[in-house]
Each structure stands twice: as structure tokens, then as C-alpha cells.
Amino acid sequence: MLSSAPVSLGRRDWLWLLTIWAMAAAALLLRSLTQGEGLPFFTDTDDAMRIVVARDLLAGQGWYDIVQHRLDTPYGTEIHWSRLIDLPLAGLIALASLFTGPGGAAFFAGTVWPLALLGVMLFLSARITLHLVGREGLLPALVLPLLAPAVLAEFMPGRVDHHNVVVVLVLASLLASLLAQSRPLWAWLAGLIAATALAIAVEALPGVVAAILAFGLAYAANPARAANLGRFGLGFALGMVGHLALARPPALWLSAACDMISPVYVLASIAVGAAYLLLALVPAPRQVWQRLLALAVLGLGCIAVVIALYPQCLAGPYAELDPWLRDNWIASIVEAKPWHLSLGEIPAYAIGVALPVLLGFVGALLALRHKGQLRLEWLILLVFIATTCLIMLAQVRGARLAVLPAIPALAWLIAQARIAYLARPRLPQALVLVFAWLAGSGLAVMLAVGAGLALFPQERAQQVAETLSGRLTCLAPQAYVDLRGLPPERIMAPIDMGSHMLLETGHAVVAAPYHRNEDGVLDAFRFFNRSAEEARAIATERGLGLVVTCDGLPEMHGTGLGEPGTLLNLLAQGNPPAWLADVSLGGPLKVYAILP
17 MLSSAPVSLG
27 RRDWLWLLTI
37 WAMAAAALLL
47 RSLTQGEGLP
57 FFTDTDDAMR
67 IVVARDLLAG
77 QGWYDIVQHR
87 LDTPYGTEIH
97 WSRLIDLPLA
107 GLIALASLFT
117 GPGGAAFFAG
127 TVWPLALLGV
137 MLFLSARITL
147 HLVGREGLLP
157 ALVLPLLAPA
167 VLAEFMPGRV
177 DHHNVVVVLV
187 LASLLASLLA
197 QSRPLWAWLA
207 GLIAATALAI
217 AVEALPGVVA
227 AILAFGLAYA
237 ANPARAANLG
247 RFGLGFALGM
257 VGHLALARPP
267 ALWLSAACDM
277 ISPVYVLASI
287 AVGAAYLLLA
297 LVPAPRQVWQ
307 RLLALAVLGL
317 GCIAVVIALY
327 PQCLAGPYAE
337 LDPWLRDNWI
347 ASIVEAKPWH
357 LSLGEIPAYA
367 IGVALPVLLG
377 FVGALLALRH
387 KGQLRLEWLI
397 LLVFIATTCL
407 IMLAQVRGAR
417 LAVLPAIPAL
427 AWLIAQARIA
437 YLARPRLPQA
447 LVLVFAWLAG
457 SGLAVMLAVG
467 AGLALFPQER
477 AQQVAETLSG
487 RLTCLAPQAY
497 VDLRGLPPER
507 IMAPIDMGSH
517 MLLETGHAVV
527 AAPYHRNEDG
537 VLDAFRFFNR
547 SAEEARAIAT
557 ERGLGLVVTC
567 DGLPEMHGTG
577 LGEPGTLLNL
587 LAQGNPPAWL
597 ADVSLGGPLK
607 VYAILP
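Each residue of the sequence shown is one higher than the one before, counting from 17 in the numbering used here.
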């Protein structure tokens, strides 16, 4: 029998936490410092753009002005991101700017922010596991997140976009939901945390839904917890209203949007808050099934109200995106594909993220049967695992939310296996313990699957791996040295280069990989994949001065490459149209001046 969970971390627990965090942070920092000059520090386009946005805020761009004025040049386009992430990054950049230049300040912010969040994530993982499992689960709770590729990738130096914050907030929401069962204040905090997560990014929706379900199930299991429904509901609704006022100017408070905080999600939160407050105020039905029925009826009512007023959001955040872009651009993004499709392109990663989650789900089911006094808490954990797992199955990138809720259940399985081994130290028990550790480690699973696949290479998986590695040389700071010295120009470049062009230079670009940059993305596809005459018309309409390409980017091998007369085809043959002059000075980038 495992020991009862402590209320908080003790001195020895903190020592373990700080030691493991320091070792992980040092290893990650060393990796970023020794990765070589030919690779970018900000490897992801979202991270590069986030630094651009934070710099613009420091330079005086208004809090409510979320237009990226150098994107979709010369028009500019709105970026749907939260200022709540820009603010700390801007603060870190401003601090570092006192003793270093722009590049060093970006490196400082890009290192401190994710590593600090890594420490918070490890604390939350440890605290949840101590609550559910006891100290026997502490070591797995601290080590397994560091062996989960989907998790660790979000806390590497250079990862400054909102994903790691959302991961931390979903984990905090889980902890608050657990603690609220014995401490009413945490119900209020759970609502506020859920609102903050959703205000930062709609991708937090699975965690928010899990928290809503958790409080509903707690009420169904025990009507004495009805007051917590009201506390959570009010905290959630008031938090969303406050975040809307913080995120958007009053003139846009009634402007609906499916991809960011807007009246759509505020209405949903108010509906949930009103439903939960109603259940908290009226006498609870006596039977469990009656309480579940009341929750179901009110829940369906909330959904119906939101759908009736905003039916367009049923299609998701890309509801208003051009159909061609949905089919030919969004559908080709590897991380946005369903889990079963990603098996053919990134098989080691897909299996490496899924197996620990599946094992955690099984572990939570088993713990639910054994942990009588904490059965409700384990049920809440099970809800978080199941909800986030569904998103992972829909889009493999959802694994970053699904893995961490499974960690306490994996820790429980490891603790059980350890107890069985200590009671009977034989080879079968030792093998079970080793298997529990290895199967719970996504990295170990990935390495094992990768080794197996190396014996039977898959062409598609190899193509994806080569594409991902080849693009990095196109994004390295050294590639932009020559462009950095030129006066500001309007540039047409491959879509995946757009964010780094804005980060590394003072130029403006037509396209970067954001769905709100719909016109720019469409023009970029047309520019390279259609006739040179059409490309010329786009350049004239937008007043472009330069065309910049890089062979390492997949867009340079698009559908127009094999079609005679397209700009892509002409550039590949080394025969650009007469209105383009090659002014490249070496390096991976090809630079063409657009002649009058």
C-alpha cells in the first residue's frame, strides 16, 4: 500500500526538484550553445515571429494593435496571439538590452523564459504526483517529463511561443481541480486558470473542457461539492470577461473570432458559469444518474446556445480559411495531421508519444480501483488524460498536452512495480519494473522504434526527416547577413522563411505561415507556382523590390517545379525572367532584384 500523499513538497522533495531541473537546464543550455553556427537558435517560425512581436511592443506598438505591419506587405495582417506572452518576453529583452545587442537580447529571452517554465512544469508534475501517489512517485514525476519528446521540445532554449505556457496552465488546471476537492479556494483558481489558458490560445480548449468535466463529475459523485460548481463557474466566466477586455479594445468586444479570445468563447464561459451557478444554488437531485442528467441537459443547452449564435466556429479555428489553402497547405503540415496518418511520416515520434499516454490511461484505470480514498481525484486525472488524448488522436501535435497528465499514472505504475520487486526480488519482477520505466519514457520508445525502422526504411518517413533538417540552413542568422545590410525592402520569399526574415532583417515580407495571412500565403503560392507573368503582376501590385529563395525549403520543390514557364521552374533552371536580376553574394539564400 502506497503512503498517503503529502500536502506539499518537503525540503528533500525541493532538493530533488531543483537538482533535476538544474541538470536538465544545464544540458539544454549546453546543447543550444554547441549546436553550431550554421543552425538557427529559433528553429520554429512561431518562435521567430514571437520575438518580432515582442520587439515591436518594446518599440512602441500599441497593446491592442496586434497587426504585424511588415507581414503581407504593404498591407499588414493581424496576428491572433495573446499579449500575455509578449509582455514577459519584452521585459526580458529590455533587461538584456542593457548589456548586449538585439541578437544577444533575443538569445537571453529565448533561454531564460522556456527554462524557467521548465522548472514550473516540473514542480506541477511533482505536486500532482505527490498528491495522488505519494513520495514513491516523485522521481518518475520529475524524470519522465524530461524523457518525453513532445514535452521537452516545448521547453528547449529558443521555444518562446505560447505552447509551453499552455502546457503549464493545463497542468496547473489539473492541480487546481484536484486540490479544489478539499480546499474551496482552489475552485475559484481553477476557473481563473482555465480562463487564462483559453485567453492565451484556443489550443488550451481540451484542458479547459477537462476542468469543466472534472467539477461536474465531482458534483455528480457527491452533491456536497455543489458549491464548488458555482465557484469554478464564476471564476471561469469572470476570468474570460476580464481577459477579453484585456485582449481587445472596446470597439472589438463584440467581434466574433474562432481562433482567439472573442465573444464566442466568452459566451461559452458565461453559459458554463450560469449553468454551474444554477446547480450550486438549487437543491441537488438525490440520485447520481439524476445529477448526471442535469449536467448533460445544461451542458447541451450551453453548446446549443453557442452554436446557434456562432455556427461558423463548428468548423474550428480555420473555419474562414480559403478552401484551397485548407486542402493544399494546412493538410500538408505534418504536426497538424491525425495521429494515425502521422504514423507513416513520423512513425517513431507518433508511437513514442502515444504509448506512454496509453499506458498512463491504463494505469489511471487501475489506480481508480485501488485508491479508495482518492478515487474521485483519480477519476479527474482520467478525464484530463482522455480529453487531451482525443486531441492528440485528431492532431498529433496535441501530444504536448496529453503526455503530462499521464505522468502521475505512469509514476503509480512504476511505484507499484517497485513495491512488487522489493517484496519479491526476482527476474520477472525486475523486468516488469524496467518495462514500466522504459514504456513510460517516450524517448526510449522513440529510440527503440527508430532502431527497428532503420532495418526497414520507409521512403515517406525519410523524405519528411530530410525536409525538416534541410530547411534549418535557410533559417540560420548567418544566411541573412547580406540582406541585413540593405535598406528596407518589400520581399517575396517562401512562406516558411517569412518569420525569420522579419526577425533577422528590417525588411517586410508577403507571407509567413499563419492562417490570418491568407492573402499573402495565396500570393506566395501563386508567385512561385504559376507563370512568370502572373508573378510579375503580383510583384507590381505589392510594390516588391526583392525575391529571396532557398533550395532547402520544401516550397522550392512545389507543384510548379515541373511545369514549364512557372517562376519556380525558371529559377531551378538558372534562367530567371528578364525582370529579375541575380544579386546573390553567396550563402544558402538566392537574392533577385526586381527590375522596373
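The hints are simulated quantities; they were obtained by calculation from the structure and are not laboratory data. You may find that some hints are simply not true.
Derived CB-CB ranges, DEER-like [claimed, not checked]:
#, residue 1, residue 2, range
1, V378, L601, 25 to 33 Å
2, A553, H573, 44 to 52 Å
3, L459, A320, 43 to 51 Å
4, G76, L502, 42 to 50 Å
5, L201, D535, 45 to 53 Å
6, L601, E351, 45 to 53 Å
7, P200, V304, 30 to 38 Å
8, D338, A237, 52 to 60 Å
9, L330, G602, 48 to 56 Å
Taking lysine to any residue pairs in the SDA-like style, the calculated list, with each CA pair at most 20 Å apart, reads [said to hold, decoys possible]:
#, residue 1, residue 2
10, K606, H531
11, K606, R442
12, K606, D512
13, K606, M572
14, K606, A470
Built from N, CA and C at the ideal position, the CB exists for glycine as well.
These are the hints, each one checked on the structure:
no.	hint	in the structure
1	V378 - L601: 25 to 33 Å	58 Å, violated
2	A553 - H573: 44 to 52 Å	24 Å, violated
3	L459 - A320: 43 to 51 Å	44 Å, holds
4	G76 - L502: 42 to 50 Å	24 Å, violated
5	L201 - D535: 45 to 53 Å	48 Å, holds
6	L601 - E351: 45 to 53 Å	35 Å, violated
7	P200 - V304: 30 to 38 Å	22 Å, violated
8	D338 - A237: 52 to 60 Å	47 Å, violated
9	L330 - G602: 48 to 56 Å	51 Å, holds
10	K606 - H531	26 Å, violated
11	K606 - R442	64 Å, violated
12	K606 - D512	15 Å, holds
13	K606 - M572	12 Å, holds
14	K606 - A470	35 Å, violated
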